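Protein chains: 2
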Amino acid sequence: MSRPLTLLIVGSILGGWPMRATVADEGMWLPTDLPAQALQAKYGFTLTEAFRTKLMLASVRFPGASGGFVSPDGLVVTNHHVGGDAIQKLSTPARDLMRDGYYARSRADELPCPDVELNVLQSIEDVTARVTAAVTPAMTPAAAAAARRAVTSDIEKDSFTKTGLRSDVVTLYQGGLYHLYRSKKYTDVRLVFAPEAAIAAFGGDVDNFEYPRTSLDVAFFRAYENGKPARVPHYFRWSAAGPAENDMVLVTGHPGTTNRLETLAKLKHRRDVTLPYDLARLRAYEAALTQYSEQSPDKRREAANVLHGVANRRKAFAGQLQGLLDPAVLAQKEAQEAELMRPVVAGLTPARPDGALTDRYPGTAWARVAAAQRNLAGIERDYALLERGDAFFSDLFPVARHCLRLADEVAKPNPERLREYRDSNLDSLKLTLFSPAPVSRSLELARLTAALTFLAEQLGGEHPAVAKILAGKSPAGRAAELAVGTKLADVAERKRLVEGGRAAVEASRDPLILLARLIDGEARAVRKKYEEEVEEVERQAYAAIADVRFKAFGKSVAPDATFTLRLAFGTVKGYAVDGETLPFCTTFGDAFKRWEVLEKREPFTLPPRWVERRAKLDPTTPFDFVSTADTIGGNSGSPVLNRAGEVVGVNFDRNRHGLVRNFVYTDTQARHIAVHSRAVLEALAKVYDAQPLADELTAPPPETP
Amino acid sequence: MSRPLTLLIVGSILGGWPMRATVADEGMWLPTDLPAQALQAKYGFTLTEAFRTKLMLASVRFPGASGGFVSPDGLVVTNHHVGGDAIQKLSTPARDLMRDGYYARSRADELPCPDVELNVLQSIEDVTARVTAAVTPAMTPAAAAAARRAVTSDIEKDSFTKTGLRSDVVTLYQGGLYHLYRSKKYTDVRLVFAPEAAIAAFGGDVDNFEYPRTSLDVAFFRAYENGKPARVPHYFRWSAAGPAENDMVLVTGHPGTTNRLETLAKLKHRRDVTLPYDLARLRAYEAALTQYSEQSPDKRREAANVLHGVANRRKAFAGQLQGLLDPAVLAQKEAQEAELMRPVVAGLTPARPDGALTDRYPGTAWARVAAAQRNLAGIERDYALLERGDAFFSDLFPVARHCLRLADEVAKPNPERLREYRDSNLDSLKLTLFSPAPVSRSLELARLTAALTFLAEQLGGEHPAVAKILAGKSPAGRAAELAVGTKLADVAERKRLVEGGRAAVEASRDPLILLARLIDGEARAVRKKYEEEVEEVERQAYAAIADVRFKAFGKSVAPDATFTLRLAFGTVKGYAVDGETLPFCTTFGDAFKRWEVLEKREPFTLPPRWVERRAKLDPTTPFDFVSTADTIGGNSGSPVLNRAGEVVGVNFDRNRHGLVRNFVYTDTQARHIAVHSRAVLEALAKVYDAQPLADELTAPPPETP
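Top to bottom, those sequences are chains A and B.
Residues in the first sequence are numbered from 7 upward in steps of one, following my numbering.
Residues in the second sequence are numbered from 7 upward in steps of one, following my numbering.
Source of the hints: derived by calculation from the structure; they are not laboratory data.
Check each hint, because a few of them may be wrong.
Since copy identity is lost for identical chains, a pair holds within one copy or between any two.
With a Cα cut of at most 20 Å, we get these calculated EDC-like pairs of lysine to aspartate or glutamate [to be verified]:
1. 606 <-> 194
2. 305 <-> 512
3. 474 <-> 251
4. 561 <-> 528
5. 606 <-> 300
6. 305 <-> 608
7. 599 <-> 304
8. 305 <-> 584
9. 479 <-> 688
10. 321 <-> 216
11. 479 <-> 340
12. 534 <-> 253
13. 95 <-> 132
14. 534 <-> 345
15. 163 <-> 194
16. 474 <-> 365
17. 479 <-> 584
18. 163 <-> 695
19. 436 <-> 194
20. 305 <-> 602
21. 535 <-> 340
22. 305 <-> 516
23. 305 <-> 216
24. 622 <-> 605
25. 599 <-> 688
No experiment lies behind these values; they were computed from the predicted model shown.
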């Protein structure tokens, strides 16, 4: 078989991974298709049924992130930055838990979080046949989307009625496979332990996506049921030793989004349209939030979490863009796509003699994805600004929109509702909506000013939506009107509106409710267009591509990440960069060294407690380590396990070489980064006087009945 | 005369300024048309010929900024941030003048700056007739531009030959008036005194464009001639008392750019295209520079000046955009334009019955400006990225381009050259080009990576220029190749190339030279298009508009700012904001108060010397003050004078309410901000042990011969 020329280029830059199936430690594997063979072959590790069960039942999903049960009493580990929002919301000017950390010395001291929901996957059912049967080739995209929405809604509802468990139909392989996931939900979640933000995020946004790192990015929460600590049958014990170099590790968690199975046209659209837009937006928000948080220590505290989130995404997207702008990466994708298309187009006559394959064969699924990108180009900014809400970046606009839409949507039959208002999602929605977390009016003002300005920059001052939204004022003037005038910071007002239904919402003169109504028509219209002309077209095309891929490779290629439970595996090892070899782990000593070299300036200030206890700490204690396992955003808080299923680390980041992993896996330099389990035990015992918590983690398992 | 309805809206928001001529303290006045009458009428101040002469001969132009002679021995005051680049370049890791400040205790200690050029205006000649006569209505825009270039080049050359003085033909009223300015040049400029950056820019980018302020943003340099301090016949004496509330002040300096006489179409283009693009670019640079400077104290020092410049422009442009997005501002402009057009269109039959006036009367000068904006829209990004150099944001790319172009351009007759290579500019160009200031390779790498990424974001990965520039690499990879491979950091190499001429440049394999050549064709082509299809069209149209305006108002409307010498005047007074009244000045005590309230964190850290000497300082000493005088960027370093022509302050900023002044003057809240002359004397004496410098400032004038 002759290989396209482009491949020759690739090898020299990316270290040369082959065109098909997976290599090395690639893969975020479904619980239903764990890579037992690969683990046996490469690591001599036998994946037992018991291990599989524990992976599923001891892994915990945070919204958009990961964690795991680490004691039979519902103790959950995750990252400090995953729990950051909750920790922030439990803080007051008088009790700054972000700055000072927190340790509950008794169960009674564990602090209930206002709006944290944890989910634990209980079962998986393949519902592909039922979902695909509902859609026939004769249907228009709109009809197909509606039919699929109806059938998934039915499946979810049936399941919920039958089991009482949260039920979600999950789309895999971009529409090649549909699974029904049932989860147990915990909404009484309490804070047990958080270190100071200064050590949890030592190096802050400077060190984000960098290695070597020296951060204690962990936090412990406890799930409660009926006012008591939840008794959980499956949990991961804590390893006192942690990993050594070259150990195999397994990473369990909820990787969010990868784009490895996307077509070339989609990736080019991301490179040329989506990512540049998102970067422009995030940089605009970041500049505004930085300016805000520098005004006073209080404002800094208020904005910290939002700012970190924005800076984090900005850096991640910048890394992704670098990856897509690397011609070797796209050449690789192009070659893979050509090979996958080969059997499909073998019998076809090209419609055009030259150009991209999708131009030559316009009827193929790949060409349909390309066509969807052209549709997308026409509506993407409107969609992002008006429907995704980029133009209204704030805490309270989403609240206003939910109040408005909830009243309209619950009046409709369940399958016809917008996804977020279906019965299966209502409880979670209300948890967020009625969160008593305080809202800073001045931060809302700064965010709305930045967002409305960005809106005008993107669409121009003459755009009808801009004129409508600004309503005769400058962005700053309009933001002031909204942020000062709204009463939605008050949870009682939100409840009044939701309970009062459509009549109450229609009577409301709240400026944010009025704004949400003002643009609801445009927002819904562009969402409809997006769902029908982009999402649905892509979904059907990708389902066809998935079939081609299944035929060629079976399920030896893992589906793209979807915020659902996955298992990755890899080897603990360092790597070389710019001629320097970085070790597989850092130490406590390294943290103190960097603190001194970087002149103890933010974000390289150590908390007072660490400085005071320095002499008590063994400087050789491993702090953070890296492995080759295949992770992505959403894996934050993922337990890293050894062969015995014990927690040897808590994943919290990737290095910058790993940012390209959205599109391709590489282990040349790409690594994920985890806190070493020994670092946690040492810090709990010697810095935080939290020996009881360390004991709970390492206690021998209770007797099996 | 019936007034358009739109005016009614305006008054309520902007405080209602009238449609024509100037009000209050509006105006950046030409030395040839000083507002003697207004000063007499409003302030009872008589502008003498002697005062006029001193204004011209004691005002000093820094590149893009202002200053003034303040002793007969060539001592010059300006802002620390104006001298920042020079101070930075005189710094080394061992001698950090930005951090520690500097005071030359003797003339021998005054530090020669590698590349500072000062200009002092000597005479002004009206050459409008000669310039306009060279252009005939029959000429194409290209021919007209060439003819005007030729005649201005001749005028400048004749003048230079005759006088030996730097000679520039200055375009005023967007082309309504041409003046020949002759300047005396000083290139041996030495640093005398600079405070620590921490107090010069106390509050840093947080306080930028804000008031109340407490910054000592001053620096002193000395002009030398023939190795000795320049003896200057005119200078401003330093006032020991400084201004009191409600005093009249005069501000002399070089305001850079205002857009008050621009047409509505031009302003809308700025609002919808130019400013959003520039903001996106600056935010991209800012994010990259912030990330860079946080990596280590050394990197922070290296990047400080560039980062401040970027953040400053970002904030200024954001304020301008807010202004243009204020419908009241545009309504005002629309009404003014309609009134100015009225006599012009009175006899015309509308080509279209409705729409904007420029659509109804497509032949008018205003419509031609609108048409130029449509031309601009098609080339603006390419022009900015490739020719202005946004895609190559660095110190060394401009060097490479100059080496390349200089070789080509000097071979041409003077008037045919690109402006910057005409004989009259060559000395200044070489001063910059051969500056021995060190260049940080790692900062170049960070800047180029950000810029090349921004290029790809803006034009997309498939754009031929992007593909050509990236040359098969990712932005980061390409930047590394350029920043590591270039030898242009070495001044000897630059000299070798410039002296070797075209042969040397053609033989060079320097990656930056190769890059400059690679895109020179595209860059020159887009510049040509820009100059012919936008600049020239606008120039001719604005000249016609200027004629209309001269007929209506004479020269009672000052021309837009052009980085040439202007005089503004105003009243020292505070203002109210959000119900709070801000005083006309701050005090030393306020600085210490803010330092404490803001927890002594950057950028609110006081230098150790200030902390140590706190007890010696009178906390009631005035620090910074505000007045209503009409200033803009470029006025940085402007001497603020009292009726006696003494320096009572040094202007260094506007407040954020003043950012809209690019487009409209208002004194409702808008103020410029200056360091109080007493603050400087107190600090020199009590903090810096620099009594001799204070004495030089306040010495009685030497005997008049």
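Cross-check of the supplied hints:
1. For a Cα distance limit of 20 Å, the shortest separation of residue 606 from residue 194 qualifies neither inside one copy, at 39 Å, nor across copies, at 40 Å.
2. Taking CA atoms no more than 20 Å apart as the test, residue 305 paired with residue 512 passes in neither setting, with 34 Å inside one copy and 56 Å between copies.
3. Taking the shortest alpha-carbon separations for residue 474 and residue 251, neither the intra-copy value of 60 Å nor the inter-copy value of 44 Å comes in at or below 20 Å.
4. Taking the shortest alpha-carbon separations for residue 561 and residue 528, neither the intra-copy value of 41 Å nor the inter-copy value of 49 Å comes in at or below 20 Å.
5. Taking the shortest Cα distances, residue 606 and residue 300 sit within 20 Å of each other both inside one copy (19 Å) and across copies (12 Å).
6. Taking the shortest alpha-carbon separations for residue 305 and residue 608, both the intra-copy value of 16 Å and the inter-copy value of 15 Å come in at or below 20 Å.
7. Proximity of residue 599 to residue 304 under the C-alpha cut-off of 20 Å is restricted to the inter-copy arrangement: shortest distance 17 Å between copies versus 30 Å within a copy.
8. In this homomeric assembly, residue 305 and residue 584 come within 20 Å of each other (Cα to Cα) only across copies, at 19 Å, whereas the closest approach inside a single copy is 39 Å.
9. For the identical chains of this complex, residue 479 and residue 688 are neighbours neither inside a copy (57 Å) nor across copies (45 Å), given an alpha-carbon limit of 20 Å.
10. For the identical chains of this complex, residue 321 and residue 216 are intra-copy neighbours only, at 11 Å inside a copy versus 29 Å across copies, given an alpha-carbon limit of 20 Å.
11. Within a single copy, residue 479 and residue 340 get their C-alpha atoms only as close as 48 Å, which misses the 20 Å cut-off; across copies the closest is 16 Å, which meets it.
12. Taking identical chains as interchangeable, the C-alpha atoms of residue 534 and residue 253 are never at most 20 Å apart, the minima being 49 Å within one chain and 63 Å between chains.
13. Proximity of residue 95 to residue 132 under the C-alpha cut-off of 20 Å is found in neither arrangement, the shortest distances being 39 Å within a copy and 67 Å between copies.
14. When the C-alpha separation of residue 534 and residue 345 is checked against a cutoff of 20 Å, the pair qualifies neither within a copy, at 34 Å, nor between copies, at 46 Å.
15. For the identical chains of this complex, residue 163 and residue 194 are neighbours neither inside a copy (24 Å) nor across copies (82 Å), given an alpha-carbon limit of 20 Å.
16. Taking the shortest Cα distances, residue 474 and residue 365 never come within 20 Å of each other, neither inside one copy (40 Å) nor across copies (24 Å).
17. Taking CA atoms no more than 20 Å apart as the test, residue 479 paired with residue 584 passes between copies only; the shortest distance there is 17 Å, against 52 Å inside one copy.
18. In the homo-oligomer, the alpha carbons of residue 163 and residue 695 never lie at most 20 Å apart, since the shortest distance is 48 Å inside one protomer and 81 Å across protomers.
19. Taking CA atoms no more than 20 Å apart as the test, residue 436 paired with residue 194 passes inside one copy only; the shortest distance there is 14 Å, against 71 Å between copies.
20. Taking the shortest Cα distances, residue 305 and residue 602 sit within 20 Å of each other only across copies (16 Å), while inside one copy they are farther apart (28 Å).
21. With identical chains, the CA atoms of residue 535 and residue 340 are never at most 20 Å apart, being 29 Å at best within one copy and 37 Å at best between copies.
22. With identical chains, the CA atoms of residue 305 and residue 516 are never at most 20 Å apart, being 25 Å at best within one copy and 48 Å at best between copies.
23. Taking CA atoms no more than 20 Å apart as the test, residue 305 paired with residue 216 passes between copies only; the shortest distance there is 17 Å, against 27 Å inside one copy.
24. Proximity of residue 622 to residue 605 under the C-alpha cut-off of 20 Å is found in neither arrangement, the shortest distances being 22 Å within a copy and 30 Å between copies.
25. Proximity of residue 599 to residue 688 under the C-alpha cut-off of 20 Å is restricted to the intra-copy arrangement: shortest distance 18 Å within a copy versus 42 Å between copies.
Checked against the numbered hints given earlier, this structure breaks hints 1, 2, 3, 4, 9, 12, 13, 14, 15, 16, 18, 21, 22, 24; the rest are met.
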